[in-house]
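Chains as they are written, first to last, in this note's numbering: chain A, 509 to 954; chain B, -6 to 170.
Mixed in with the good hints, there may be bad ones.
[Unchecked claim] To give a feel for the contact side, a few chain B residues facing chain A, derived at Cβ under 10 angstroms:
1. ARG41
2. ASP63
3. LYS66
4. THR78
5. GLY79
6. SER95
7. SER116
8. LEU119
9. ASN123
10. LYS164
[Claimed, not checked] Have a look at the derived ranges for each label pair, beta carbon to beta carbon:
11. A:SER803 / B:ARG12: 55 to 61 angstroms
12. A:SER803 / B:TYR11: 55 to 61 angstroms
13. B:GLN158 / A:ALA649: 52 to 58 angstroms
FYI, nobody ran anything at the bench for these hints, they're computed from the structure. Ideal placement from N, C-alpha and C gives every residue a C-beta, glycine not left out.
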Amino acid sequence: MALMKHLNGLVDVDRGIISREIFVNEDIYRAEQEQVFARAWLFIGHESQIRNPGDYLVSSMGEESVILCRDRSGRVHVFLNSCRHRGMKVCRYDEGNTIEFQCPYHGWSYATDGTLVGVPFAKDAYGAQLDRSQWGLIEVARLEVYKSTVWATWDRSAPSFLDYIGGYKVYLDLLLDAWDGREGGTEAIGGIHKWLVPCNWKFPAENFSGDRYHGVSHRSVDMVGIGPSGQSRRDMGERNQARWLDVSFPELGHSMIAFLRPHDAPLAPAYQDAPVVADYFRRCEEERKRRRGDSWRLFGGPGTMFPNTSPLARQPRTLAVWHPRGPHQTEVWRWYFVDADAPPEVKDFLRHYYIRYSGPSGLTEQDDMENWNYAHKASRGTIARQHPYNYEMGLGRSTRAFEDHGLTLPGAITDVTVANASEHNQRGFYRRWRQFMEAASWDELR
Amino acid sequence: MSDVERLLLRQEVEEFLYREAELLDERRYEEWLELLTDDVRYFMPMRRNVPHDETEREFTREGVDISWFDEGKDTLTRRVRQILTGIHWAEEPPSRICHMISNVQVLGAGPAGPSGTEIAVKSRFLVYRNRVETETDVLVGKREDLLRRVNGGFKLARRRIVLDQSVLLAKNLTFFF
């Protein structure tokens, strides 16, 4: 296949050299829709947004609109949001509750389990020709509800969700488990930030995969101080006590920035602006020690679950999805998480912190969007495309046998406590990306 | 209130809003902050596509949900300080911003409490931003303000900004409405 030969010179993760072409080339973008987005497990939404039978939320899988809904018997489904007759979107609301989805074009209507239930003039116009059982809404091949988050894939031969996340489960759980170490126990706050950024979807995906190097981007917010203790953009004390780990699963494409707190040191103060919040987290962390034993010391940060879902496992706890909207545009959806059982004052404090940190109005991330926007723009030219990006930082420094005072952690890990940063996680992401782009089917991806 | 009083009040409100827009467009942000009461609420909900008869779900809720803005003077002050650092790259080099304020309606004076008389005002905005070269955003919507009379003048005590977009079509919101 011509594209495969093409990619050969474009993505060389062993040397840390990646062509700009993969970000700006239209053919590569089109191939990604088939090779990556039609195969991978993708994030759809949160169960708390579809609590009752008939509840639905319109989401996206890659470029395409999908409906997440709970049918009348309580089962969760994900359907392509397109009428089987002529393709009209059967739902143009963002969320709600319904008995059926009626297409506004010719009136075909579908039950919340996807069954085609209504066809105008069915008897007279079609007679016995139309086999309704064959014309229900198109449903994803596999769906998984994991700790209240809903994931799906279009590929019937994809591995199970748990196999897809593999050893990354430990890190994804840092977002989805309650702060006190209970399994699950988080909820999404109402309201999903949705906005457009003029850049390829891989800019934010690789940034979140573990870019500790872009301190200069955020120096202005650090000077101003929006963190939970009124300093910097976040509480730095406990981070600075911790070992800084870049964790990658190159064979899966997933990664996260992690922090391993010392096993023998008292915790640095945090949340100094709000005693109630400080007290809440202190109590949670005591409980976490009891529940998790020595692994209580592991805390997460930003990460990317291949291909386009980014958990941020530390305050601001969020989950971002980078929806491709053409090679030069990304539509970001951002969910915000809190412990479901946290007191109202804690939820309120965190919500305010999340809004002033994250998204288009966040003092921190506004500057990220500027960088992705103009990095992309300046990489589109004929000359620019002849010169690849550099991902050499920290080459050859990772270990598969990380250990700290008897605690072992899964993944290929680069300790960047001294180095400050590496591009280990980005290389893992692009290694997997290349495999997806070259593979003929899931058989070659296992 | 007599007709003359009503006209004078409207005139005074419009002058306040236009002066405010002038300060923002001239990047005199610290002077703009002085126009806000210390307990100001600055709120901009997100909007959902909902059926016409379920409008109560259209907006994210102040104090409850995630919104574009839901903050007071402290965070607004930090936004100003960030712009003034000169290294807030999303606004450096500075954007060219123009606030068009129109359809000003004085909806009525609220109860005269210990903090003085408050006046409910509604207006339309068109905020134009152009930055670097071709990057251009046009954001249009409504504002619902509460102006408080302080020392003979007005201060902004509350602003609800209703942007006429669902998915935000701008990459960021580094400016004020």
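Hint check, failures only: As far as the earlier hints go, 3, 6, 7, 8, 9 and 13 are violated by this structure, in ascending order.
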